[in-house]
Amino acid sequence: MELVQAALVTELSVVRKDGRPITYPLIPMWDGENIVMTSSILFSRKLEHLKDNPRVSLSFSDPIALGGRTGRATIQGDARVIDGDPHVDWESVLPLWAAKEPVILEFIKARVAFPLFFERSVIEVVPRRVLYWPDGNTDKAPQVTTTSEWTGKAA
Amino acid sequence: MDVRSGVAMFEPAEGLRRLEAFPFALLTWVGDNGFPVSAAIDVQVDTAHGMVTFSAPAGLDVPLGTEISLTGSHIRPQPGIGYDERRHVTVWGHAGRVPHGGLKFVPTAAWGWDEAAIPFPEYIERQVGQSRRYLARVSAELGRVVRPRLSLGWLTLRATRLPFLSATLIPVLIGIAIAAAQGSFDLFAALLTIVGAAAVHLALNVANDVFDARLGADDRNVNPTQYSGGSRVIQYGLVSLRRMAAISAAFYAVAIGVGIVLLLTRFSVPLLVIGVAGILLSLFYTAPPLKLVYRGLGELTTAIGFGPLMLVGAYVVQTMGALSPEPFVASIPIALLVALILYVNEVPDRPSDGRAGKRTLPVIFSREAVINGYVIAAAVAFIAIVLGVLAGLLPIPALAALLPLPLVLRVRDGLVRYYDQPYGLMAVMAVNIRVHMLVGVLLFTSYVVVLAVMRFAPQIPMFIRWS
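Going down the list, the sequences are from chains A and B.
Everything in the first sequence is counted per our numbering, starting at 1 for the first residue and increasing by one.
Everything in the second sequence is counted per our numbering, starting at 1 for the first residue and increasing by one.
Next comes chain B alone, as it looks inside the complex (with noise of 0.2 Å):
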């Protein structure tokens, strides 16, 4: 496969083990009128020797002197549905007579595709490169531009990858409630957190695209998901890269300025360094010189940036920079779960990742070190809850955030399962984000029960004290 250009050629011989497979093969060659002429045939496919005998159809004229194709072509039909199964293989040469009357073909070259070899998505993907020739081409003739297109909200919810910012509103609404059930607790400045944290983050979405796209790893990858190879609107010609980098640069703005806006009406020492080392963190995730997530320092970045810099930032904007175990305790889990989305979701990525030096933790470990990662990871996510409970640092209903326990198991079993088919991932991927999230919405709820506990019923205690 030439993944460039995106056409499937293959060694004739493999060409002929296709074609062998079909109960019939389509004869084509170009007539004397100038059309190409097709009829199905019987053939005899001798893969031993490399070559076809077959009939020539009665009343036309092979030629002999020309380059003619056999086509092998299948799909199961799905009534009400539509077809599946799809697979096609053709192969050239030149046709000769063989001494009985028939006649003979070796083949010189071959190409085709079978959707259970190279799944639809990754055929589609390996075509970008041609789609982008043929706009060129009808951009020439029409003498205008043409680009393929989406519409405002799909193309914004896909360049920025909005339905990830759930990565942040978790940990910032935890440092907020947690904030809130100390006595701290300012909308104005809460809304102007949420909207400084999803700026950051959506910077970063959309900056991760653009250096991707600068470094050749998003260009390599052949078999993105919903979930992971980036938002692939450079790619595409969707976006430009000169307006993703505008873009990325709007989101910092905002976000810089939030964090202006909030350091002047809340200053504090804490969220100075915090809001400094998030935006540092989220540019230098993939951009140079630091590009940590080439170096293998990816999924830390992420558990750091998502987890105690968004959750204890949260909390600090509240307290107007006091500081306490707390929001540090309830970081742990969510930092963890957040890196781990990460970690799976650069499972399928890792060959174009290890084509283009990107060397996160899955490119970086066997198969068998990345899956007891993730366990060992998620179990101690899991431990951190039931520890800070008892330590007192977390409230008694954030057990609860133990539910989705069972879930860790299936991403597991998925992994095992999976690991090399990047489509029967996208599962598993979606399983490993809800992890995250009920995780988060739990202890987020717990707070909130704290909150309407201490305001109806104070006398009952949330908080395990053992003195």
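So here's chain A without its partners, still in its complex pose (with noise of 0.2 Å):
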């Protein structure tokens, strides 16, 4: 979980109703068991995606949002998304977001200004396999890990 921890960005990929798979960058956290995100409800188009079709994956590939680290991999998961009441779910996830985006904190205090980006739903991701490229280098075949080999360390 090492890139999924110090990632700033995840590309999370889902499925729209007509096949075509489509992609958003994301913050990933690591809750110690899976994978969350939350999206603004204004940013919904991939909730509505996630709830039709709970089958997603996330990329971690990007050097500069991995803080310099050259493996990259990709975990497919079954996804859910929370959002009983947008306006206080997500905070459960707050401290994990400051961690990686501190700013968010005093961006919090003006919630009145931008009311409808603070409605929010988590996004939990359950891995069930991951690609792995140790180098980064996808000439070469990942090293592929799946639910019943998971040990927490694959990533």
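It is possible that some hints are incorrect.
[To be verified] Pairwise CB distance ranges, derived in the manner of DEER restraints:
hint	chain 1	residue 1	chain 2	residue 2	range
1	A	Leu94	B	Leu402	45 to 51 Å
2	A	Asp139	B	Arg355	39 to 45 Å
3	A	Ile104	B	Arg137	24 to 30 Å
4	A	Glu91	B	Val386	53 to 59 Å
5	B	Ser139	A	Leu94	22 to 28 Å
6	B	His94	A	Gly84	38 to 44 Å
7	B	Thr66	A	Asp139	52 to 58 Å
[Stated by the list, open to error] One-sided excerpt, in silico: chain B residues whose CB lies under 10 Å from chain A:
hint	residue
8	Pro36
9	Glu67
10	His74
11	Trp111
12	Arg126
13	Val128
14	Arg232
Keep in mind that the hints were calculated from the coordinates and are not lab data.
By construction, the Cβ of each residue, glycine as well, lies at the ideal position given by its N, Cα and C atoms.
Two chains, two frames, a set of hints: combine them into the complex.
As structure tokens, then:
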């Protein structure tokens, strides 16, 4: 999970109803069991796609967003959207979010200025399969780990 | 850009042009198991022929018959803060084989976002419709209405645009102070005047949102700022249009109630005329059939309402209807500067105002005319203070109200530099509001000085007397 914890941004790919893959940049967080992300209701197309088809992949591939790490990984998993109360549900992951984007704590003080940005859903991804390129070179076949082999150290 | 949906779709060629700028691309397709598969690859973008060539990642089968995508994504980490320079682009198409073993890709669709091209606040605003659709879906799924929320305090502040009350307090306090300097002061009547004038102002603010929402001006605005574009509580679903109309009516009821009490206790024809005119002007500022702000009369209406009506109105409450030239002269700079607040705040709104048929002066006039108009009107405001003092109608300490004059030049320079940049204009609008507030406070303070001198050193002349 080193890449997940280091990454400022991951590319979340979801599948639309018509079968087209679509990719969104998001901040990934590791809560100890699953990968979690949040999405404002403003940018909720992805949430609609996730509810229609929970199969997703997360790509960790940009060395700049990975703090200089050259390893690359794609994690496939099942996503769940948590949005019983978009006003407060996401606040449980705020400490994880602030660890990656400290300015969000200042931003949230101005919640009145961007009220819809802070109406958010939580996306929880249970990893199923990991494709890992230790040196980031995709000309070489990836190391593949599945859930049954999952040790928590694959990526 | 589809403003209604907020989806930033653009031509495939534009997508390729953007993709070319990224150091690598993320190739994504849907695998046999139904999960998306992504792999970072090097690509050769050929914008001239509208295609991309690349080698398939080792050990993975890139499908040739189904749609795949290439994504470029970038951020710049800012340690201790987060990141900036957000931009991403995705192009879709089908992969085909090329003779020497690689794959080629001709895009058929593209989307993305670059915050250098579309600032984050505007990007957010373009997505408001999507948020409404999503909350409708969540509400249906949960079997209960899910709405965005704000705490009551923040919501009140936002819905009523409470901080703009300074535009009311300044003329009312000056009017009361002038009357006091002339020997007329009643504390209870002064407090009632403040409450009544504030109620009219808040009613106007809320009514403005109601009618702008009904007429479509605020819905079309994708560049609102904290000073322009309305409160947006209706667009955001924070308060319903019906409730906003009720809130406006309640404020008008308070204002009319206060007006009746003042008329019953301190009746005068000037007070009656000013009170009725103030309420009608505030209501028909945006309300049909007059819609004054839609006809190029919003600035004049604001000048009259927040200048002479407020200031002379507060004065005649204290003097029981007696009139004098002083409050009229004092209202000239206040009227001009408050109208200039609206005038400058309308600059970023002019595209959406124009689309909604709201013909404000910045919609009607050219950039140069608007900027020159600002300078001329501000200059007249300050000249009026000097002439008022020279004429003996304003006290000598009122010359201190000339101190904010350099801020006018900052506003002018800001307009020149940021005329077409709504978010760059925010600081300019803030300075412009400060001009009105500082001039108003200094004018009010000059009358406080007059009152103090009258009490403790009456021999010191406070007005120029030429005879």
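Checked hints:
About 49 Å separates the C-beta atoms of Leu94/A and Leu402/B, a value consistent with the hinted range of 45 to 51 Å. In this structure, Asp139/A and Arg355/B break the distance hint of 39 to 45 Å, their C-beta atoms being roughly 52 Å apart. For the pair Ile104/A and Arg137/B, the beta carbons lie near 26 Å from each other, so the given range of 24 to 30 Å is met. In this structure, Glu91/A and Val386/B meet the distance hint of 53 to 59 Å, their C-beta atoms being roughly 56 Å apart.
Between Ser139/B and Leu94/A, the C-beta spacing of about 24 Å keeps the proposed range 22 to 28 Å intact. Taken as a hint, the range 38 to 44 Å holds for the pair His94/B and Gly84/A, whose Cβ atoms sit roughly 40 Å apart. For Thr66/B and Asp139/A, the hinted distance range of 52 to 58 Å is not satisfied, since their beta carbons lie about 23 Å from each other. With a least beta-carbon distance of about 4 Å to chain A, the hint placing Pro36/B at the interface is held under the 10 Å criterion.
Hint on Glu67/B holds. Least Cβ distance to chain A is approximately 5 Å, under the 10 Å limit. Because the beta carbon of His74/B sits about 7 Å from the nearest beta carbon in chain A, less than 10 Å, this interface hint is met. For Trp111/B, the interface hint holds, since its Cβ comes within 10 Å of a Cβ in chain A; the closest pair sits about 8 Å apart. For Arg126/B, the shortest C-beta to C-beta distance to chain A is roughly 9 Å, which falls under 10 Å, so the interface hint holds.
Given hint, Val128/B at the interface with chain A, holds; its Cβ is 7 Å from that chain's nearest Cβ, closer than 10 Å. About 9 Å separates the beta-carbon of Arg232/B from the nearest beta-carbon of chain A, less than 10 Å, and the hint is met.
Checked against the numbered hints above, the structure violates hints 2, 7; every other hint is satisfied.
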